[in-house]
Structures are given as C-alpha cells and as structure tokens.
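S.K.: Sequence:
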Amino acid sequence: MAQHFKDISSCYVCLSYLKDPVSLKCGFICCLKCVDSLPRGPGGHGIVCFTCPEVSQKSDIRPNRQLAGLVSEFRALEPQLRAILRMNPRMRRFQVDVTLDVDTANNHLYISEDLRQVRCMYEEQKRRVCPERFSTSLCVLGSQRLTSGRHYWEVDVGTSAKWNLGVCKESVPRQENVVLSSECGFWIVSCREKDTFRASTRPVTVLMVSPRLHRVGVFLDLEMGTISFYHVGDGSHIFTFPPISVAEPLRPFFAPGIPEIDGESIMTLFPRISHVVY
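So for the sequence shown, full-length UniProt numbering puts the first residue at 1; every next one is plus one.
For the record, the hints were derived by calculation from the structure and aren't laboratory data. Heads up, some of the hints might be wrong.
[What the hints assert, rightly or not] Using 25 Å as the maximum straight-line C-alpha spacing, the simulated SDA-like pairs for lysine to any residue come out as follows: (1) K126 - T99; (2) K169 - T147; (3) K162 - V209; (4) K162 - S16; (5) K169 - D101; (6) K19 - R65; (7) K162 - T51; (8) K126 - L115; (9) K19 - Q57; (10) K169 - S16; (11) K33 - H45; (12) K25 - P203; (13) K58 - C14; (14) K169 - I266; (15) K25 - R65; (16) K58 - R40; (17) K169 - T136; (18) K162 - R128; (19) K33 - S23.
Using the sequences and the hints, build the whole thing.
M.R.: What follows is the structure, encoded as structure tokens:
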C-alpha cells in the first residue's frame, strides 16, 4: 500500500513528489511547473500527456488540492514508512544459492565457469542448440525452479548503465523477442541510463532510487505471492509487485547491458551466506 501511494504521488514528468498537482482533461496528473514540459497538440495548440492523444487546453487544467494534501501527509510519514519497509536482515535465512543456467543463455552472453557471472559479448558463444535457449533476447535464467516457499538472492550490477533482473515464468517464450511486462510473466526491475529505474508493471512504474544502486536483493515469497526488490547498500525498499498467483515454476531472470552502450555490462550473483544471525 505504501509503495503504491508513493508511486501515484510522484510526478511522471520530473519524477519527484508532486508539487501543486494539476489534472489534465484526460486525467493525467503532474506538477503545475511541469505542464510547460508536456508535448504540444496538433498545430502547437493545447497540450497532450505522455499516455494518450487527448488534447487539453489551459482552461481544462484543474488543481488537484485533495491529492496535494495527501502527498503532503505522505511525505511527513515517509521516514516511518521507510523504517517499516526496510530490508530485514532475517531475509537472508531464505537465501538460495542461485546459479546461471547456460542452456537458457543467449549465445551473445558469456557465462563464467562458476555460473555466477554474466556479461554481454560481441562474439557469439558456440553452444549446443536447445529449445530452452533465448535465441534473440539477451537474457539468461537462473538454474532454480521455484514453486513454493520463500527465496532470497543478491545480484551485483556494478556500474552498469542498463540492466534487467527479477523473476519470470518458466513458460516465457525463448525463440522471439520478449516483452518485459508483468502481463507477459516477467516481474522485473530495470535500470536505464544509470539513474532511471522502473518496474515492469503495465503501465510501467518509474522508481525513485537513491543512493546509486550497485547491489540488488530479490525476495520471492510464494506463500504471499509477492516479489520484492531491495537496495542492499542501505537496506531500503525499492519496489514490491502486487500479489501474483501462478501455477508453474518461477525462474530468476537476468539481462545485462549491451557493450556498445555500457562497457561494464557485468552482473554477478552472490553465493549463499553460510552463517546467518537470526
């Protein structure tokens, strides 16, 4: 609930908390100062939002005072909410030793011998042909097939400027370009251009993450049907998807950046910690 309200209280344009929120004719909400940043309508008349083609005139713009009050109250409560949502060290009691499944790896992905590191390469790897392999999308699955219980793992994304990681259904397509959306069986957090993060909801949820994210914790609770992501550096909560219900195994999912965009496109899986304080 707290994560959901944090998302709707953020401005889609500036990605900060809504300040003096206004509504357009179509219902799109943004900060008053961000209205001038919206695209112009046909012939330069009126404005349109980023989500639909309906044109709004300045006379259609209405202040949303009720939402402004709620955002103000939420910001006052944010320190307490952050404390509630913080990563619990006891999650590590559910840590699993995730390794990469080479038979699912796109041939432009290099997998280390210990099956814990993946990076994108220009040179194509020579591997056996198998239907489990992603033939066009640059991604790889974890070896584990998760059907029940609680599971936690950590991934180091280093200084990569672009990456995707999370969980997907066992049955996701392998021989065509994948659509990273929860509607298609992918529950993913993505990084774009180093400081832009989003969750694969429909529509996409833009995430505010600070400080810089290097190590991500993923917690899959199949008893509750939730998938949560944490900033391991400071223990803060990044995002939790709404509860899901699936009748097939789930797999850890990894997709590093493309070398021409990101020269440091390396993802590293951390082994299970042997000694955990409960």
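S.K.: All hints are to be evaluated individually against the structure, with a verdict given for each.
M.R.: So, going through the hints one by one against the coordinates:
Between K126 and T99 the CA atoms are separated by roughly 20 Å; this keeps the pair inside 25 Å, and the hint holds. The suggested pairing of K169 with T147 holds, with an alpha-carbon distance near 10 Å, which does not exceed 25 Å. Distance check on the hinted pair: K162 and V209 sit about 14 Å apart at the alpha-carbon level, within 25 Å; holds. As the CA atoms of K162 and S16 are separated by approximately 21 Å, the hinted pair is consistent with the 25 Å bound.
Taking the CA atoms of K169 and D101, the gap is near 15 Å; set against the 25 Å cutoff, the hint holds. For the hint linking K19 to R65, the alpha-carbon distance of about 10 Å falls within 25 Å, and the restraint holds. Pair hint K162 plus T51 holds up; C-alpha atoms about 24 Å apart against a cutoff of 25 Å. The straight-line distance between the Cα atoms of K126 and L115 is roughly 16 Å, inside the 25 Å bound, and the hint therefore holds.
A hinted pair counts as satisfied when its Cα atoms are at most 25 Å apart, and K19 with Q57 qualifies at roughly 21 Å. With a CA separation close to 33 Å, the supplied pair K169 and S16 exceeds the 25 Å bound. Between K33 and H45 the CA atoms are separated by roughly 18 Å; this keeps the pair inside 25 Å, and the hint holds. Pair hint K25 plus P203 holds up; C-alpha atoms about 19 Å apart against a cutoff of 25 Å.
This hinted pair checks out: K58 and C14 have alpha carbons roughly 20 Å apart, not beyond 25 Å. Between K169 and I266 the CA atoms are separated by roughly 23 Å; this keeps the pair inside 25 Å, and the hint holds. For the hint linking K25 to R65, the alpha-carbon distance of about 16 Å falls within 25 Å, and the restraint holds. Restraint check for K58 and R40: the C-alpha separation of about 12 Å stays at or below 25 Å, so the hint holds.
Between K169 and T136 the CA atoms are separated by roughly 18 Å; this keeps the pair inside 25 Å, and the hint holds. Proximity of K162 to R128 is assessed by CA-CA distance (about 28 Å); at most 25 Å being required, the pair is judged violated. Of the pairs offered as hints, the one joining K33 and S23 holds, with about 12 Å between alpha carbons and a cut-off of 25 Å not exceeded.
The structure shown violates the earlier hints numbered 10, 18.
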